[in-house]
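S.K.: Got chain A; can you put chain B on it based on the hints?
Protein sequence lines correspond, in order, to chains A and B. Quick note, my numbering runs 21 ahead of the 1-based positions in the first sequence. Quick note, my numbering runs 4 ahead of the 1-based positions in the second sequence.
Worth flagging that the hints you see were computed from the coordinates, not collected in a lab. Treat the hints with care, since some could be wrong.
[Said to hold, decoys possible] Sample of chain A residues with no beta-carbon within 10 Å of chain B, all distances over it, derived:
hint, residue
1, Ala71
2, Ile85
3, Ser178
4, Gln258
5, Leu366
[Claimed, not checked] Below, a list of computed lysine to aspartate or glutamate pairs in the DMTMM-like style, where the Cα atoms sit at most 25 Å apart:
hint, chain 1, residue 1, chain 2, residue 2
6, B, Lys134, B, Glu122
7, B, Lys164, B, Glu105
8, A, Lys174, B, Asp358
9, A, Lys36, B, Asp29
10, A, Lys36, B, Glu67
11, B, Lys133, B, Glu147
12, B, Lys322, B, Glu491
13, B, Lys409, A, Asp144
C-beta: ideal position from N, C-alpha, C; glycine also.
The lines below spell out each chain.
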Amino acid sequence: MSELSTTSNSPLPIKERIILFARNNMGLISTLISILAIGLALLIGGILIAIAGINPWEAITYLIKGSFGNRYGFGETLTRFVPLLFCSLSFAIAHKSGFFNVGAEGQLLMGAVGAVLVGAYIDGLHPVLHVLLCIIAGIIFGAVWAGIAGFLKIFLSSDELINTMMLNYVAILLVDYLIHGPIKPPESYLYVSATILPSAKLPIILSKSPLHLGFIISLLVTAAVFYLIYRTPIGYQMRAVGANRRAASYAGINIVWATIVALITTGGLAGMGGAMELMGTQFKIVNGFSAGYGFDGIGVAVMGRYNPIGILLAALLFAVIRVGMGAMQRGAGVPFPLLNVIQGLIIVFVIASGYLTNKLSETVIGGRA
Amino acid sequence: MMSEEIFLSFRNIRKSFPGVVALDDISLDIYKGQIHALLGENGAGKSTLMNVLYGLYHQDSGEIFLSGEKYEHNTPKNAIRHGVGMIHQHFMLIPNFTVLENIILGQPSPKPPKLEKEYFRNEILKVAKKFGITVDLDLLVEEISVGMQQKIEILKALYKGAELLILDEPTSVLTPQESQELFKMLTELNKKGTTIIFISHKLKEVMQISDNISVLRDGKLIATVKKSETTPHELSRLMVGREIITQYDKAEAKTGEDILILDAITLEDHHNQHRHLLKNVSFKVSQGEIVGIAGVDENGQKELAEIISGLRKPTSGKISMFGKDVTHCTTRQLIEMGMSYIPADRRNQGLVLDFKISENAILETHYQKPFTKGLSLQRKVIDKFANELIQEYDVRTPSINVPVKNLSGGNQQKVIVGREFMKKNHFLLVMQPTWGLDVGAIEYVHQKLLEAREKGVTILLISTDLEEVRKLSDRILVIYEGEIVGEVDSSTDIEEIGLLMAGSHKH
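Next comes chain A alone, as it looks inside the complex (with noise of 0.2 Å):
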C-alpha cells in the first residue's frame, strides 16, 4: 500500500480518508462486524426468551458456567469442538476447491464405520498403531464416501450438491442397518455397533473431564489443512480449480487431479472427524451418532468466512451453544426448540454481516477504472 500512504500526506477529504482507513483495516473492521453480529442475535435471543417468561439474566449464566465454569463443561465443550472442527474443514476445502460437499454428515458416519470395524475387530496392536489405523480407516472410508459424489461430478458431471446431499440418507440408513445385524454384538440386545478395544480409543488429555486427545489432534490437522492449501503446489492447484477452473485448465493445471486431491481430502476430514468422536468419546455407533455435526460444520465453515482463525473460533462458539445450551435447559428451563431459534439466529447474523463485509469491501476497493 505504499502507494497509497505516499498519496496521504496532502490533506485528504473526509470520506476519503473513511474509505482509505477502511481500506487498509478490512479485517478489523470484518471482526467488529461478525462480533456485533453474533451480539445482536443474542440480544434477540435473549428477548425470546424474557417473552417465554425466563430471566435471561440467568439464562446467559447457565450458558456460561455450563460450558466454561467447571471442568468438566468445559472439557465436553473442547470435546464437542473437534468433531466440529473437521466437518467444518471438510466443507471449507471443498469450498476452496470448488466442491460443494454438503456430505460431511454422512461422510463422518461412514468414517466411524470404518474406525470401529479396525478399532473393535481387529486385536492384539500396540496401542498408537492401533489407534492410527482407525484413523487411517475412518479417513478411507470418509474419502470413498465422498468420491462416490466425486466420480458422479468428474464423470457424469451429476450435481454434487444433490448428490452429496443424497449419500447423507444413504449413510445413515446404511449404517442404521449395520448396527441392526452385521456389526451389532450378538449378545447385545441394544441396536448397536462393537464396542472398539481399549488399544483404540484416544486417551483422555485432562482429568475429570470427557476432553480427550483428538482435541490435540484437531488442531494440528487444522493447521496441516490450512499449510496444504494455500502454501503448497496442490493447494495452489486446487484453489486455482475452485476460483476459475477454465483459466486452471489453460494454465495447464490437471482439473482431474487437484478435483480428486480435494475430494479425498474433504471426504477423509470428515471421516477423521468420525473416527475422533467414536474413538474419543463413544466407542461405539448408536443410532444417532452425530448430533448433526456435518450439517453444523457447513454453518462454521461459512461464520468462520473460510480461514482458519475463523473456524477455530466459529466451532469454538458452537460447542460453547450446544454445550451451554444444554445447561440452560436443564437450569434455567428454557425449552430446546427456542435454543435452536437462538443458535439459528447467530448463523443467520453472522452470514448477513459476511454479506455487508462484502459490499463494504466492494465499495472500499471500487469498481475498476
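M.R.: Chain B in isolation, oriented as in the chain A frame:
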C-alpha cells in the same frame, strides 16, 4: 438535417467511483436529427456517460435535459419511455427465440393473457417499412448473423419508440462489409429524423458517419468539433493527447525452421456430426515470424486455439511443435516445451480473478523451481518475481497483493503478458491480445510482441481485429467457417481481406 433544436443536454455531469473520477463536469448538447459521435479511448467515460443517461448509473451531481425538460429518475424503463434507445456492445437477445419473440419481449399484449403475435407482427412490420429495414421475423436469433442481430436490436429500439439511438461500439463485432451496411442504415434512419449517438474509438468510422464529434479523455470532455472542420489527425491528438503510431517499423522476418505444423486438422461438432468446426486446416509457422489468423468471430478461431494449446483434441489430423508430434500432448507438456498462450478472454481464461497478482503470476509455473521447493510454495521468491513483473511490465497497482479483479483491463492484460514473457517461451499463441484495451495499452502489447519476434520467438496471432493482424503479421491466413480460405501478406488491401473474411471465395 441541421436543425438547431437541442434534443438532449448534459449539464455539469459528475460521476466518480472510489478512486476514479469517471466523468468530470461534462456539459454536452446533442442536437435533434444529428449523428453525434463520442470518441475516446477505453475508460475515457463515453459508455459511463451514456449509462448515466440510460439509468444504469446515477450521476453524483449535474442535470440532464431531454427536449428542454429536466430529466430525472433515470432508469432504463424511463429512458425508453422518453424515446431513448440503447444498443449495447453485447446484444441483449435470446438466441433460441425468434426475431419476433425477441422484439416483443417485455411488451404488454393488447389482449392479455393472449400473446397476440400477429398483432405485434403487423406493428413491427409497419415500423420496419417506415425505416426501410428488411427482416425475417420468424428466424431464430441463433441462426442469423451478427450484423443481422444488430439490425434486430435497432429495430427493437425503434419499435419501442426511440427517437434517440445510442450505439456503443457497434462495429466491434462486425466485418468491414457489415460495418458499411450498418452505416448506410444509420444514415437512412438519420434522414428520417432519428438522432444518433455513436460511441467509438475508431477514427475512421467517426469521420465517415458523424455530423458532430465530441472527444473524451480521462472523464473530461476535451472538445466538440464539427466533422467538416476537423481532420483524423487532429482527432487522434485530442483523443490520446499525443501522436499515435499507425504503422510499425519492423525488420524483414528472419525465418528459421518450422516450429508449428498443422496437418489436416479437422474437428467435428459434438452435437452435430455433419457440421465441422474446423475443416482440413493445414499451415506452418516458422521460427521468428508472426503469422496472423484473420476472421470474423466464431469462425473456428476458438477451437483452433484450443487444439493447438492441447486443451481439446482434433477429430483427425496431426500437430507437431518443435519437430515433435504433439497431437496427444497435454497443455502442461506443451507449456513445459516452451509454448506460451495468451488467451482471448483474459478474465475467464487467462486469470483467476480472485487470486492476487502474485498468485496469477505463477499460474503455469507454480510447481517448478524456484517457486516450489520440496513440498512448499516459496512465498518470498514468488513475491519477488511478482514485483519484478509489475515493474518490468508496468502494471499499475498499489501492491502485488491486490486481487487481479480490481485491476483495469489493460493492467490485467499486462499481468498475463508479463507472465508469459518472463518464462521460457519459444512459441507464442496469442488470441485477441488487445481486445477492449485503450490505445496506449494496445501499443504496449504490440511492441512486446514485436520485441519477442526480434528475439526469434515464433508467434501465431489470432485476432478479429483486422487492423491489428495487418500491423503485426508477416503472413496472414484468413479463416472462414472453420476453413483456411486464403493466404495474403500484410500489404494486401483491407477490402480484399475483408471479402475473404466474409466468405466471398465461395462465390
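S.K.: Now tell me if each hint is right for this structure.
M.R.: Taking the hints in turn, this is what the structure says about them:
1. Ala71: For Ala71/A, whose nearest Cβ neighbour in chain B is about 43 Å away, the distance exceeds 10 Å, so it holds.
2. Ile85: Consistent with the label, Ile85/A stays out of reach of chain B, its closest Cβ about 39 Å off (over 10 Å).
3. Ser178: holds, 14 Å
4. Gln258: Violated: least Cβ distance 8 Å, not greater than 10 Å.
5. Leu366: holds, 30 Å
6. Lys134/B - Glu122/B: Answer holds: Lys134/B to Glu122/B is near 18 Å, not above 25 Å.
7. Lys164/B - Glu105/B: Within the cut-off at roughly 14 Å; holds.
8. Lys174/A - Asp358/B: holds, 24 Å
9. Lys36/A - Asp29/B: holds, 20 Å
10. Lys36/A - Glu67/B: holds, 23 Å
11. Lys133/B - Glu147/B: holds, 23 Å
12. Lys322/B - Glu491/B: Holds, at about 21 Å.
13. Lys409/B - Asp144/A: Measuring from Cα to Cα gives roughly 57 Å; hence the hint is violated.
In summary, the structure is inconsistent with hints 4, 13 from the numbered list given earlier, while agreeing with the others.
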